[in-house]
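Peer 1: Please construct the entire structure, taking both the sequences and the accompanying hints into account.
Respectively, the protein sequence lines represent chains A and B.
FYI, in this note's numbering the residues of the first sequence are 1 to 299.
FYI, in this note's numbering the residues of the second sequence are 1001 to 1283.
Honestly, I wouldn't trust all of these hints.
Stated by the list, open to error - What the simulated footprint calls covered on chain B by chain A, stretch by stretch (three residues with Cβ under 8 Å from a Cβ of chain A suffice, anywhere in the stretch; the number is not a length):
(1) 1112-1120
(2) 1196-1208
Stated by the list, open to error - Pair by pair, the computed Cβ-Cβ distance ranges are:
(3) Leu217(A) / Gln1170(B): 47 to 55 Å
(4) Val284(A) / Thr1060(B): 53 to 61 Å
(5) Leu144(A) / Asp1226(B): 43 to 51 Å
Calculated directly from the structure, the hints in this document are not laboratory data.
For every residue, glycine included, the Cβ atom is placed at its ideal position computed from N, Cα and C.
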Amino acid sequence: MNISTPFSSNRWLGLLFLLPTLLILVMFLYGPILETLRLSFHQVAFLGLREEFCGLGNYRDLFFEPGYRRMFQATLIFTFFTVTGGMGLGLLLALLVHGVKGGRGFYRLFLIWPYALSPAVAGVIFLFLFSNQVGLVNAGLDALFGRHPDWLASPALAMTVVVGAAIWKNIGYNLIFYLAALSSLPRDVLEAARMDGAGHVMRLLRVFLPLLAPMTLFLLVVNLMYAVFDVFPVVDLITKGGPSDATLLMIYSLYRDGFEFLKTGSAAAQSVLLLGAVAFLTLVKFRTYGRGIHYGGRQ
Amino acid sequence: MRKVFSLFRQKEGWGKGMFSHLTLLFAVAVVGAPVLLALVFSTQTPAQIFSFPPKLAFGTATSENYSLAWETYRLGLYMKNSLFIAITVTLGKTLTAFLAATAFVYFRLPFRGFFFAFVLMTLMMPTEIMIVALFDRVTALGWADSAFALTVPFMASATSVFLFRQHFLQIPLELVDAARVDGVGLSAFMLRILLPMSRNVIAAMALIDFVYVWNQYLWPLVIIRDGSRQMVQVGLRMMTSGQDATHWGVVMAGAVLTLLPPLCVFLLLQRSLALSVSLGREK
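Peer 2: Here it is as structure tokens:
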């Protein structure tokens, strides 16, 4: 990153230019992160007036209390289905759009636009569609099959709705990136595979998927971040973690402990676990970074 | 390009192509349905919404629902608040990142590698992760319920610094040398050369920043208690948690109003989404 002849060698002025960024990061990012770490070893009572050191007590509760075990379970289920569903559908649609002759621009636009919506809007709309009294989904099911399940009262169904809303909102993102990757695949490799007489399935498994692997890794990181953090409004609006904590995701549990149950120490411990996860994902992103997303030998 | 696409679909019959089109059209319908339904129901009266079977046609309460959402539920006010916050954050973020990237690229800086890593490490840290401690800090500063709480903590961005830096590194050195030989001062160099040359990057970043701030939910939910200062997504949340039976037509009108600004930004960006893809790719 070095430029041989910097425009100015006045180091104080350079530091001055950096100062606003550094100051804000220290005040509102690194500071709070260290404070979170500290709080996670304390029990906080009386709205922060009394703090008591409790070592790893908060972490022990996290791992051994059955309530939190359900929370981890719900988080894992939700994350798994949201990430694989979103990426799988994104890839499938991208392959289809990439393969058709006409109307690619049309399909691209009309398949990715929900990406522009906020998670809160997705949450509100799904809450309405799956509502028991007025929801259109149940009206349709009733007319077709004579059934009208109470979606938000059953643990498994509530999870399905939340996962559905989360996937629906994010499908466009995966589609955009997979389409971009598909259209920059190296031609010579594809041509060679075709010449060798590889069939559709063979080419998909042996040529397309391996060539798309770097993009898949990138999308995996982004989708994990989305499924763990950005979906808060979806859960908050549709289920509030219910019924009986079936959709209590970690980010929602953190919020509830921190701001409703006033269990600051416990909320901080959950933050620290998430922090570790993000640090790991950041590392993965940087490790794959130098390699970038290249396809084939030529650039 | 054409040729590349045809590679995957060679030897396909007419039927296979038809199948792809039908699948894709079905997907287009499924993907679009939730928003279209929200649009339809946002025009209906409660009686029309509760009717069975439901009416899939525009109702008779359009202006009533939208004005209720805008005035009574104060979504207009919240949208104005969000717009103000979004513009402030975008301007602040662009300024701090522009200065920082200039320092990284054009200055002889002590501990440059350390500082750069320090900034870059925060690339993926979401606010939500330390929200309890951030809440304490901002409250201690006396900023709760104020615009400061919604703007200042977000005015530094690793992504923006990084993108500016990448852009600066692409500017030919000859140009920089020529400017220096001609005796152009630092401020003139930044304002007359760097800034105009970064127009496209700034525009793309501004649109992304705008949508990011517009979509903020958890942070305003916990830090803003004063109803009149709330932001739009939380305003939408307040519409669903009223005491009376939820008036779904009005709520859907609120959802449609809330999604319009980012949708416009998206349509603006749509063509240049390839640009943001390459921004995300970080060559």
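Peer 1: Out of the numbered hints, which ones does the structure contradict?
Peer 2: 2, 3
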